[in-house]
Structure formats: structure tokens, C-alpha cells
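**Q** Given chain W, put chain Z in place with the hints provided.
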Amino acid sequence: MDWQPLVLTFKLAVVTTAILFVISIPIANWLSSTRSKIRPVLETLVSMPLVLPPTVLGFYMLVAFSPENAFGSWLNEWLGIRLIFSFEGLVVASVIYSLPFMVQPIQAGLSSLPSTLKEASYTMGKSKMTTLLKILLPNIKPSLLTGIVLSFAHTVGEFGVVLMIGGNMPGKTKVASIAIYDEVEALNYAAANSYSLILFSVTFVILLLVYLTNGGYFKRFAQ
Amino acid sequence: MIRLNLKKTLKSAGGIMALDLQLTIEKGQFVTLFGESGAGKTSTLRMLSGLLKPDSGTIKVGETTWFDSHKNIDLKTQLRKVGYVFQDYALFPNMSVRQNLEYALQKNQDRTIIGELLEFAELGELEQRKPETLSGGQKQRVALARALVQRPEILILDEPLSALDLKMRIKLQEYLLRVHKKYKLTTILVSHDIGEIVKLSDCVFELQNGRVIKKGTAADFFGLNKTSAKFRFSGEVLKIEKEDVIYVISVLIGNDIIKVVSDRTEANDLRVGDQVLVASKAFNPIIQKL
Chain W
1 MDWQPLVLTF KLAVVTTAIL FVISIPIANW LSSTRSKIRP VLETLVSMPL
51 VLPPTVLGFY MLVAFSPENA FGSWLNEWLG IRLIFSFEGL VVASVIYSLP
101 FMVQPIQAGL SSLPSTLKEA SYTMGKSKMT TLLKILLPNI KPSLLTGIVL
151 SFAHTVGEFG VVLMIGGNMP GKTKVASIAI YDEVEALNYA AANSYSLILF
201 SVTFVILLLV YLTNGGYFKR FAQ
Chain Z
1 MIRLNLKKTL KSAGGIMALD LQLTIEKGQF VTLFGESGAG KTSTLRMLSG
51 LLKPDSGTIK VGETTWFDSH KNIDLKTQLR KVGYVFQDYA LFPNMSVRQN
101 LEYALQKNQD RTIIGELLEF AELGELEQRK PETLSGGQKQ RVALARALVQ
151 RPEILILDEP LSALDLKMRI KLQEYLLRVH KKYKLTTILV SHDIGEIVKL
201 SDCVFELQNG RVIKKGTAAD FFGLNKTSAK FRFSGEVLKI EKEDVIYVIS
251 VLIGNDIIKV VSDRTEANDL RVGDQVLVAS KAFNPIIQKL
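From first to last, the protein sequence lines are chains W and Z. Under the numbering used here, the very last position in the first sequence is 223; numbers go up by exactly one each time. Under the numbering used here, the very last position in the second sequence is 290; numbers go up by exactly one each time.
The set of hints was computed from the structure by calculation and includes no laboratory data. Backbone N, C-alpha and C fix where the C-beta goes; we use that ideal spot for every residue, glycine too. Be aware that a few hints might be false.
[Claimed, not checked] Under the rule of at most 30 Å between Cα atoms (straight-line distance), these lysine-lysine pairs were calculated in the DSSO-like manner:
(1) Lys182(Z) / Lys118(W)
(2) Lys107(Z) / Lys141(W)
(3) Lys118(W) / Lys130(Z)
(4) Lys128(W) / Lys7(Z)
(5) Lys214(Z) / Lys118(W)
(6) Lys37(W) / Lys128(W)
(7) Lys199(Z) / Lys171(Z)
(8) Lys118(W) / Lys239(Z)
(9) Lys53(Z) / Lys11(Z)
(10) Lys37(W) / Lys134(W)
(11) Lys37(W) / Lys53(Z)
[Claimed, not checked] Listed below are several chain W residues computed to face chain Z (Cβ distance under 10 Å; list not exhaustive):
(12) Leu6
(13) Lys118
(14) Glu119
(15) Ser121
(16) Tyr122
(17) Lys134
(18) Ile135
(19) Pro170
(20) Lys172
[Stated by the list, open to error] Here are a few chain Z residues that sit away from chain W, every Cβ distance over 12 Å (derived from the structure):
(21) Ala13
(22) Asp20
(23) Ser49
(24) Ser56
(25) Gln78
(26) Ala147
(27) Asp263
(28) Asn268
(29) Val272
(30) Asn284
Chain W on its own, in the form it takes in the complex (with noise of 0.2 Å):
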């Protein structure tokens, strides 16, 4: 069997992961925090990927990383960055198409804690950055982990997008969901369902986790 569009899947969960993460914090703090009119637009183009199909997403972003338009050729030209049929495009897609997975949970959250938490802290003289670090993000560990998982779980099972933007290329854009379709096309089903099993196993190992931690079983059972 070739590993290599698993490998390419975990490794796109990852890299997607870790920048959502980063990404998603200050977006959700501000949505959480803000009174701001423009904060139900803000939060429609966030959630927009959990309802819109994955191809329209793709087809968009084909359209405008290409270095035929002006963003892509700008994007080409300036900083040497193809988006299109690459890794780095694959990632960018994912990104956005994830986005609602890790704000969503991060945002709930953070509306959770009382207010006086962070009233509290400012009243002590610390910042707003200080406040976040220390007493709001540490208090929402769950909500973490299950931004996390959940985005990461979310691009393991993307499809539509990579196709569009992706291709099929093996070792740069060809991830295992691809890898399935391609190899049921072929008729080798033996193929299509070692990826199928494994991705199957992998993600409900990964929220079983999450689930049995944030229920707290973990901790009942180390007591």
C-alpha cells in the first residue's frame, strides 16, 4: 500500500490545525467580547463553510489563486507563492474551510466565563493580553481540545475543496480521501478500503479521546 496520501492528510490536519489555532483565538475574543455592528457579518462569514457545499469554497478560490486574475498573478509575481495545485494552496483552502470548527467552540467558551473574571484582572492592573493568557484561555481547556480535535478531524474528512483546488497530484495534493475516490474509479477496492479503515479508525479513536476527556472519565479514573 502507498502511506504516502496518509501521510499528506496528517500532515495537512496538522499544519491547518496549528495556524487555525493561532488564527482563531484573537477572532473569537473579539466576537466574544464585541459590541461591534459589523460582528453578525463577521460571524456569517465564519460559519459560511459549515453550510456551503466544499466545491463552490474551491471553485472561488480556484478562480482567484489563479495566476491567470490578478490576486493569484499578484500573489505568483510578489511573493512567489502558487496556491493553485499545491501543498500551500491545499493549506490556505483548509484554513478557511475549517475556520467555523476551531471559532465556533473557542467563542462559546470564552461567552461562558462571567464577565467578572475578566473585570477582575483589570482591576488587579493587568492587560487585556496578560488577561487572556492567564485567567480566559486556561479556563476553557475544553473548548480548546475540542477546537482542536474537531478541526483537525474536519480536514482529514475534506474532500470537495481538495479536488477543486488540489488536483490529484501524489506526494504534493493527492490526501487519502482523494486517494480512496481514485482507487474505487480503478475498481481496487482492497486499496480504497485500507485508506477507508484507517481514516475510520483514526478519527473515531481521536474523538472518543476527546469525548472521554472533557466527560471527565480520565479524571475519575486516576482518583
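**A** Leaving out everything else, chain Z in the frame of chain W:
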């Protein structure tokens, strides 16, 4: 001296209320804001500490201006250095008692104050415990000790004892008085409990619909100076019963129910739930050690 001149339109459950108040608080005083829920007490405290921005007005503390809508001055909460004890205590759940106090330390501040406050608040044995494992009274002591770490000049207490039982309340009231004197604080308390107010405060402001309607010493305020009684307790009317020509009024004082006889004119003025003063001067009380 703290001078507040605040205007703010507040949206509350009861509709829109225009808060408009002037308050002057002397340095070193223990001041109580008294009044019904929604009168604007908590909002006043939040504006003083910078957690809520007034629509217009001024806040002056000593010679410093904390807020002035005309001069566009609005000192950040972080720089006002007010010790604030929240109604829900707002202890940080991820930190132990000691860590909660240590978090409040300022840059380069001497750490010995942590040990001093832990000892003063009798928290020494609990210092490694997480807030979720503490009782209400213990949480309250941690919140108070934590508010004092940064050595504030102003201490704000927003109904700090309302969630506690009577015994714990009395203990903590004495503790609050000791803290107020020891650290030479200007303390501002929000409270509904008349006994507590009389015991603690130098000066009381009554707020109603966002305005100060009455100001005075606690004794003036609740009519304690009208009688020369040596015996006086405040309590709540529980029941008014007519028996033949007299009325028997049951009053809850602390945990005890006392029956007081009254005539019709007096009884007509009273309603169940009223706060009343029970006083007597013409008899010699018996005192016994329990």
C-alpha cells in the same frame, strides 16, 4: 476625597433609567450605597472603577482626574488601581488560593504581602486549594485578600456578604472593619442589610432611580438617634395579627422571631416585609453567658 458627578442612561429589566448623581466621599471613610435593586448602585461602582463608561460627568480622586467627559480623560481600569470584590467573588478557577493572590501582585512588588494577607484572612491552611473546593465564606475571604494585594486606596465591595449565612456574615463584617482600619482604606459598600450598614458605615447614601435621595450617618439614617434607648435592634416584619384591641407584630431579628405589641395606629403604618427598629428603654435586661 472622591468626587463623582455622573450621568448615564442605563437599560435595565425595568426599562430605561437616567442615572444622574453627585457623590462626595471623604478619604478614609466607610461608605455604604443603599437602595432597591436597579437603583444604580452597582453601575456607580462600575463607573468609579472604569468598568463602565459614563455618558458624561467627572470622577476625581484626590487631585487626580480619572474621568472627565469634557477634557476627554478616561483613565483605564488597569491604572485606577481599585480593589474590587465582586458579588460572585470572581476567583480564578484555574488557580489555587495562593496563586489567585499572587496573580494580583504588581510588577516588582514585594511578595511578603501575600503571606501577610493569607495569615490575616486565616487562609494559611487553604492556600493550595482550588476555589471550587471552598465554602462561601472562605471564597469571600480569598476575594477580599486578593483585592488588597495591590495595596489599593479604594476598596469596592458589591454586596459581598449577601450570599452567606448569618453567622458567617457577622464574622466577616468584623473582618471587613479590621481590614478597613488596618489598611487605611476608603471603602465603598453596597448592602441591603440594615444591621450590617449600621455596624460598618460612617456614611450612607440612599439611591433611588439613579439619584441620591438621602445622605447621612448610619444612625441618622435609620432613625436611631430619635430614641435614647439602650436597646435597639433592626428587623423585618413577618406577620401582623389583630388580637382583641391590640395588634401583635412578629419581627425577625437575626434568627429570632420576636413578638411586639402595638396599637392600631402604629400597626396601620406597617406592612409585612417592612424593616423596623425595635427599641426599649424602660426595663433592665438580663444577660447570661451561653
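**Q** Could you tell me which of the hints above the structure violates, numbers in ascending order?
**A** Violated hints: 5, 8, 12, 19, 20, 23, 25, 26; rest satisfied.
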